[in-house]
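Single-letter residue listing:
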Amino acid sequence: MKYAGIARVLLASAAGAVLCGAANAAEVEVVHWWTSGGENAAVSVFADEFEAQTEHEWADTAIAGGTNARAAVMQRILGGDAPAAAQFNSGRQYEELIEGGLLLDLTELAEREGWRDFIRPESILTNACEKDGRVWCVPVNIHSWQWGWASIPVFEQSGVPIPTNLQQFLEAAPKIQQAGFIPFAIGGETWQHTGAFNVALVGIVGKENYYRLFRDRDADYARSPEVATVFETWRELTSYTDEASANRNWNDTTNLVISDRAAMQIMGDWARGEFAVAGKVPGVDYECIPGPSDTPFLTTDGDIFLFPKQDDPEVEAAQLELASLMISPRVQALFNVAKGSLPVRADVDMSLADSCMRKGLALLDDPNTVLTALNRFVTEDTTGQLNDLFAEFSFNQGLSVADAQERFAGIIETAD
Amino acid sequence: MIMVSVGVFVFGIIYSVLLSFTNAKLFPKFNFIGLDQYERLWGETRWLVSVENIWIFGVLIIVFQMTLGYLLAVFIDQRIKQEDAFRTIFLYPFSMSLVVTGLVWQWMLDPNLGFSSAMQKLGFESFVFAPLVHQSTAIYGLVMGGVWNGVGVTMAILLAGLRGIDAEIWRATRVDGIPAWRAYLYIALPMIRGALATALILQCTSIVRVYDLVIAMTQGGPGIATQMPAIFVIEHITNRQNVALGMAAASMMLLPIVVLLAIKSAADWHAKSRREQRAA
Amino acid sequence: MTGIATTAGGIAKDRPRGPRPRRVTASRVGVYGFLIIAAIYFLAPMWVMIVTSLKTMPEIREGFLFNWPREVSFEAWTKAWSTACTGRDCEGVRPGFLNSVKITVPSVAISVVIAAINGYALSFWRFRGAQIFFAILIFGAFVPYQVVIYPLIIFLREIGLFASLPGIIIIHTIFGMPILTLLYRNYFAALPEELFRAARVDGAGFWSAFFRIILPMSVPITIVAIILQVTGIWNDFLFGIVFAGRENMPMTVQLNNIVQTTSGVREYNVNMAATILTAAVPLAVYFISGRWFVRGIAAGAVKG
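Chains as they are written, first to last, in numbering that gives the first Met the number 0: chain A, 0 to 415; chain B, 0 to 279; chain C, 0 to 303.
For reference, chain A alone in the conformation it holds in the complex (with noise of 0.2 Å):
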């Protein structure tokens, strides 16, 4: 497996050197949001690794923030100033500059490289990628919001053990609080809202609901009494949380469990990082619950990588080669045991992954764990609707269950 990944980075490299035979050394201009220590580190590798196997040139444009980013990318390409390669997260935020005929098409360089084979789970390349059966973009990594991020200590001085699932762990609540833990940690951020909300609602519904309402938009099901179940739920659980919530970020809320003042966060793999960071070990000092659920499942999101179409055909040679670093073994196993994130091909080097990422490895060998993420189905904007509607939920009580749910109901039934 691994010889076979090597030899394909060679014919990968071989096949770049023909396609551009002699080629002059291009700038390529890179706008990412990677900003903070680890991501910077994360972002080298590519950096890095560009500059050493090939005679172009990584320019670094780092912007803080996706929103921020992704709107100067956008206003860039109209304005016909486009950067060679964009960051985005896998969704639907790209469409219209595909029908718009503003990127490079990856076609053939997918083709030839065999992309299809290798990408696991398929359906990122195929969902977030493809359109009309051309491919538009290069996942680099995936990323899954469903786990539970627990203190170890915390449970064990409330006297309850790590729970698998939130029924267990809605038991154990009240223990928690008596300690003078925080049971439930979570911020003000909308976006944690509806991500914890759609991890709770898979773990109670399971996979085929879950698709029900987001790819079917079954509005029937949505103002069903299991539904209503999951609206309860939450209630139940943001009850535990802390006064202070309204206005945390999310690594300031997962720097509660991780200082032992919180139980437990539900938050995506991406705080793995901030556990790393602060040197603490999985299994010892934390725990990363899969679901948090008996049956857990997966959901693939992840950053991708655009390519907007650029004027001079020596950019666009040195474009190609740049998508083809990225999906190449070698670069994928750096980059994500760098960003903490999973690789999106099976036959990488993951040996210096934690226990936690191993976890998350196994779950996703496994196609019926691997789960369709919400923002494949929906757009941004009904994704929003759903961020508004999860946050006042959390935050006034006196929106009842009942209206809750049928708003929510409202916007599946309008979205798009």
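Just so you know, the hints here were simulated from the structure itself, not pulled from any lab data.
One thing to keep in mind: the hints can contain errors.
Said to hold, decoys possible - Lysine-lysine pairs mimicking DSS-like chemistry, simulated, CA-CA at most 27 Å apart:
id, chain 1, residue 1, chain 2, residue 2
1, C, LYS78, A, LYS279
2, A, LYS308, B, LYS28
3, A, LYS130, B, LYS28
4, A, LYS358, A, LYS206
Everything numeric in this text was worked out from a predicted model, so none of it was measured.
Based on the hints, put chains B and C in the right spot on chain A.
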């Protein structure tokens, strides 16, 4: 340049009103669908909350900034030796990145960190001052931050106005033995109405456009309790990729301003005709 | 004519014209009391920022917000200025400093000059449609920037200045127009019209009346205009990343990268130091501008 500027605004306004009748998503496209966006807009809880908030926030900000701003300007006008220092102190919040000052305010109003814990450590066990974490009070926390951020500019404009008043007038008030506070209230205030109008309009523009302050202090929360129209517009134009809905919201925001401007030009016209009467 | 101008220049040195205070009186104590209390409200966040910037991260996590650091450390300051990473570049906020100056100085100068002339034309040389013209301009001040950003992008693309230094200067000038024009127009409207009439009688034309009568009297308001513009443009981030082009990215882009990063440990001390460093230029402008701020229009200039 000035024509370009006016042109940009005219074009921009027409353009956004037109877009609000379309179904444009990410990039502007003119595919007209009528009033659908407005219908959705006024059905969104978040928009309704935003509209209510902007009025509460706006009225409070104007009242506090005008009163405090004028008081500060008058007090600084008392031949204060350290005038430069005081003026800079009142103005400095204006120069600071709101991302970080918002965070600092958030800390100071945090129930476990800032004022509350400082007072509790001083022995006031039950002292709690944490407006930002409650739905019903968060907006007042924002007002605190907003006044802090913007009052210096109001002060500077009013001070410039006061400094523009003819010295003869002051001499006359002293000769007549009018107390200083009366002179400031009844003589100076009407004389600096230009500066007052400038300050008012400046405040209104920053109120209507309020964005960074809210994002930095509450991110629109708890829940959606401190959402504002400008955040709605900007989020829909950028992140949520529903340009048309964002433009519909923007057009609604401009509506009260049209009314205000009409009132203002009526007042101007009235004042002008009075001035002409006096001149005659 | 010459008489007016000299008088105007001569008396302009006059200090603030509030009623002259007597020695130390109760009201004097009251004045200082009020100013000091107000100053405390204003300075509290600054105090938190400064002490935080001098603390180490472990001490910050203890949460004693207002306490002076146990051990003063300037590490955060050097890091913010020259080594903090913003993406792959680890040079702090320093590299953008010169770009910010290159953007701010011409933008402020151009917009203030145009607005002064514009306000002057609007208040003394009433032309047809001046009211509507003015109303549209004020209207423009209320539009959120993002609403008109697409037409602006297309406009700059068509004239070939997208992503360039002149491009960003044009953008700042356009957005500065409404408020600055308003500022000048309302200020001029409060000036005694006789002054201007006298100049006209003396045969002064559009420009000579402006330079010899109006300009010397608009120093305080010009300071306000400069304060507004320097602050707005220096702190701009949204336009900078889109219109300035990659080589001219302002300092706020780096500041934003440092303070707004959403994952990894947030280094609050570095954030605070970077913020204060970035704000240094507007702060200096506020402080220095005071020298001119105190000058008013000439006393009795009308009669001179």
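Tested hints:
1. LYS78(C) - LYS279(A): Judged against 27 Å, a Cα distance of about 26 Å means the pair holds.
2. LYS308(A) - LYS28(B): Answer holds: LYS308(A) to LYS28(B) is near 21 Å, not above 27 Å.
3. LYS130(A) - LYS28(B): Holds, because 21 Å separates the two Cα atoms, which is no more than 27 Å.
4. LYS358(A) - LYS206(A): Status holds; Cα separation ~19 Å.
Of the numbered hints given earlier, the model fails none.
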